[in-house]
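Asks: Each chain is listed here by its residues.
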Amino acid sequence: MENTRELKFEQPSFFKRLKGMLGVDFYRLFHTPLFYIFLGIAAIIPALVSMGAMGGGAEGEAAEATAMFTNAWQIIAAKSPLYVINDMGDYANMNMVFIFGGIMISIFIGHDYKSGYVKQLFTTHAKKQDYMMSKTLLGAFSMVCMCVTYMIGGMISAAGTGLPFTIDAGSLICAILGKMIMSLGWASLYTFINIIFRAKFGISIALCFVLGTGIPVIGAAAVIGNSSALNIFLYGSSVYACLSANFASVVICLAVSVTWAVIYNVCGTLILNKRDCY
Amino acid sequence: MNAIEIRNLSKSFRGMFAVDNLNMTVPQGAIYGFIGENGSGKSTTEKLICGHLVPDKGSIKLFGKDYTDAGVRARVGALIESAGCFPNSSVWANLMMQALNLGIKNRDEEIKRVLKIVRMEDNARIRFKSCSLGMKQRIGIAMALLGNPALLILDEPINGLDTDGMRIMREIIVDITRNLGCTVLISSHILGELEKIATHYGIIRQGKLIQELSAAEMDARSRVFVSIKTPHVPSALTVLQRKFADVRYEDECIRVYDVDDTESIVRCLLAGGQPVSEIQKNKVGLEEYYIELMSKKEGA
Numbered sequence: 000m001e002n003t004r005e006l007k008f009e010q011p012s013f014f015k016r017l018k019g020m021l022g023v024d025f026y027r028l029f030h031t032p033l034f035y036i037f038l039g040i041a042a043i044i045p046a047l048v049s050m051g052a053m054g055g056g057a058e059g060e061a062a063e064a065t066a067m068f069t070n071a072w073q074i075i076a077a078k079s080p081l082y083v084i085n086d087m088g089d090y091a092n093m094n095m096v097f098i099f100g101g102i103m104i105s106i107f108i109g110h111d112y113k114s115g116y117v118k119q120l121f122t123t124h125a126k127k128q129d130y131m132m133s134k135t136l137l138g139a140f141s142m143v144c145m146c147v148t149y150m151i152g153g154m155i156s157a158a159g160t161g162l163p164f165t166i167d168a169g170s171l172i173c174a175i176l177g178k179m180i181m182s183l184g185w186a187s188l189y190t191f192i193n194i195i196f197r198a199k200f201g202i203s204i205a206l207c208f209v210l211g212t213g214i215p216v217i218g219a220a221a222v223i224g225n226s227s228a229l230n231i232f233l234y235g236s237s238v239y240a241c242l243s244a245n246f247a248s249v250v251i252c253l254a255v256s257v258t259w260a261v262i263y264n265v266c267g268t269l270i271l272n273k274r275d276c277y
Numbered sequence: 000m001n002a003i004e005i006r007n008l009s010k011s012f013r014g015m016f017a018v019d020n021l022n023m024t025v026p027q028g029a030i031y032g033f034i035g036e037n038g039s040g041k042s043t044t045e046k047l048i049c050g051h052l053v054p055d056k057g058s059i060k061l062f063g064k065d066y067t068d069a070g071v072r073a074r075v076g077a078l079i080e081s082a083g084c085f086p087n088s089s090v091w092a093n094l095m096m097q098a099l100n101l102g103i104k105n106r107d108e109e110i111k112r113v114l115k116i117v118r119m120e121d122n123a124r125i126r127f128k129s130c131s132l133g134m135k136q137r138i139g140i141a142m143a144l145l146g147n148p149a150l151l152i153l154d155e156p157i158n159g160l161d162t163d164g165m166r167i168m169r170e171i172i173v174d175i176t177r178n179l180g181c182t183v184l185i186s187s188h189i190l191g192e193l194e195k196i197a198t199h200y201g202i203i204r205q206g207k208l209i210q211e212l213s214a215a216e217m218d219a220r221s222r223v224f225v226s227i228k229t230p231h232v233p234s235a236l237t238v239l240q241r242k243f244a245d246v247r248y249e250d251e252c253i254r255v256y257d258v259d260d261t262e263s264i265v266r267c268l269l270a271g272g273q274p275v276s277e278i279q280k281n282k283v284g285l286e287e288y289y290i291e292l293m294s295k296k297e298g299a
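The listed protein sequences correspond, in order, to chains V and E. Heads up: the first sequence is residues 0 to 277, going by numbering that gives the first Met the number 0. Heads up: the second sequence is residues 0 to 299, going by numbering that gives the first Met the number 0.
Hint data in this document are derived by calculation from the structure and do not stem from the laboratory. Check each hint, because a few of them may be wrong.
Across the chosen pairs, the derived CB separations fall in these ranges [claimed, not checked]:
#1 E:Gly38 x V:Leu269: 25 to 35 Å
#2 V:Ile202 x E:Pro86: 44 to 54 Å
#3 E:Lys207 x V:Ile202: 55 to 65 Å
#4 V:Cys266 x E:Asp174: 14 to 24 Å
#5 V:Phe29 x E:Glu108: 56 to 66 Å
#6 V:Tyr277 x E:Asp174: 52 to 62 Å
#7 E:Glu108 x V:Ala247: 47 to 57 Å
#8 V:Leu269 x E:Pro86: 29 to 39 Å
Quick reminder that beta carbons are idealized off the backbone N, C-alpha and C, glycines included.
Using the sequences provided together with the hints, build the complete structure.
Replies: Written out as structure tokens, the structure is:
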């Protein structure tokens with residue numbers, strides 16, 4: 000052919016590919032309202048929870064009797080690692096961010112498939128592994144941001160309701176750090192679920208919601224009791240990052256989160272490589 | 000070097016072969032017209048080349064390397080079915096995301112460059128969902144052109160476009176091949192349009208490539224004919240059929256095949272007392288060639 004030219008094909012490194020994919024995902028994250036809506040939800044929910052937990056408008060002794068929180072930081076994490084739910088006070092804390100994160104990731108990945116954008120990505124040098132990793136990191140980042148807005152919202156509402164803020168600072172930091180670290184594991188689980196159901200993000204949202212609420216672990220706890228063996232699950236470790244947490248709790252959260260993230264990423268990559276992207 | 004080399008490629012869906020032992024070669028720098036009826040396997044083949052589908056068996060090589068090679072894939076652009084853009088994001092944002100994915104350094108400049116090629120410079124800030132079909136197709140091409148691709152795969156890019164849209168699209172494709180040295184694989188049902196730009200053709204039927212030829216070969220194989228318009232068709236037909244071997248009445252005119260000497264035809268008609276209102280030399284086009292090939296295969 001007369002217009003044939005000498006072609007050079009530069010091999011993009013793994014980091015260059017991942018950087019490109021992360022660039023796309025973060026650009027999209029910051030340029031779509033979805034992320035900001037979920038940040039807002041994460042900030043508002045603790046206010047609603049603390050209002051409800053303070054006795055729903057009751058006054059005096061009646062309010063004290065119905066109050067589920069005795070300390071402001073219980074909005075962030077439970078007092079002790081209880082997998083068996085006794086009341087909403089044990090349950091309604093920063094772990095709820097993981098439910099919002101699941102819904103957000105489902106919508107995010109679902110739109111990738113629904114719009115056909117995923118075709119554009121995979122036509123180029125992007126590998127399926129890059130996609131899994133990028134979405135996991137993006138989801139983890141979003142959930143960490145939601146943890147921050149949840150904490151801000153929670154503290155403002157706790158101050159408004161007059162709850163005391165006295166706490167062991169070390170345990171509190173470990174609890175918050177543990178929960179933030181767990182975002183990585185949760186994000187990988189949600190990414191995995193979503194690449195299975197793809198454009199059918201209604202199913203993904205439902206499944207992410209069920210797993211995010213920790214129903215399977217709560218159910219298991221009801222049968223086997225409050226066993227520390229449940230810490231091997233994402234919800235178990237998330238509960239373990241409580242107000243009595245210490246450095247060991249953070250290490251456990253890190254180990255569980257990273258292990259599940261690796262497992263889900265490997266499985267997700269295998270599935271993506273074997274299946275058509277439609 | 001060949002831009003695409005496919006050997007024994009197969010892909011089935013629920014036991015039905017959409018692509019069946021397909022062999023195909025697209026030379027570098029070609030505009031390869033990929034032709035076939037609905038469901039013949041054109042889009043499936045293109046999706047396989049793009050890596051959207053996983054083949055059952057066979058090999059695909061792009062510029063001599065395996066089609067999964069990241070280096071080669073970075074130089075492939077595609078418009079398969081639709082542009083694959085986020086409807087609520089602007090044209091610019093959609094292009095920016097693809098530019099980020101490709102790791103392009105001067106992203107703003109590159110986006111401006113591709114928008115200029117597809118003549119969409121003034122529409123960069125509008126939302127993708129507000130664009131017309133023709134604009135969406137052009138945005139799809141702009142997206143495929145990011146990062147200076149060596150291979151463009153376009154699936155029915157002119158479908159649904161008006162005459163002006165088709166002309167613009169045709170000019171864009173020719174421009175990018177001539178000026179950027181890009182190889183283009185293009186499938187279309189509008190054979191008349193394809194004929195104006197393609198340098199090579201591949202005809203696919205029931206998942207198999209039944210013919211592959213260059214435009215020059217196609218030209219050589221095409222039968223010449225002279226078309227005549229006359230007020231007395233039956234008598235003119237009789238006169239011509241006495242002298243020439245293949246004379247038919249088609250498309251409201253008489254066609255004398257395998258003859259390009261108009262003078263002898265006019266002389267023959269005048270000698271037989273038949274007036275001639277119009278006479279023209281012609282060649283069988285791609286569309287007729289394709290129909291004839293298909294009917295032969297059906298008969299076989």
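Asks: Each hint needs a verdict: does it hold in this structure or not?
Replies: Comparing the hints with the structure gives:
1. Evaluation of the 25 to 35 Å hint for Gly38 (chain E) and Leu269 (chain V) yields a pass: the beta carbon distance comes to about 31 Å.
2. The hint said 44 to 54 Å for the Cβ distance between Ile202 (chain V) and Pro86 (chain E), and at roughly 22 Å that hint is violated.
3. For the pair Lys207 (chain E) and Ile202 (chain V), the beta carbons lie near 38 Å from each other, so the given range of 55 to 65 Å is not met.
4. For the pair Cys266 (chain V) and Asp174 (chain E), the beta carbons lie near 45 Å from each other, so the given range of 14 to 24 Å is not met.
5. Here the CB-CB span from Phe29 (chain V) to Glu108 (chain E) is close to 22 Å, at odds with the stated 56 to 66 Å.
6. Look at Tyr277 (chain V) against Asp174 (chain E): about 31 Å separates their beta carbons, and that is not inside 52 to 62 Å.
7. Look at Glu108 (chain E) against Ala247 (chain V): about 53 Å separates their beta carbons, and that is inside 47 to 57 Å.
8. At about 31 Å, the CB distance of Leu269 (chain V) to Pro86 (chain E) agrees with the hint of 29 to 39 Å.
Comparing the model with each earlier hint shows violations of hints 2, 3, 4, 5, 6; every other hint is respected.
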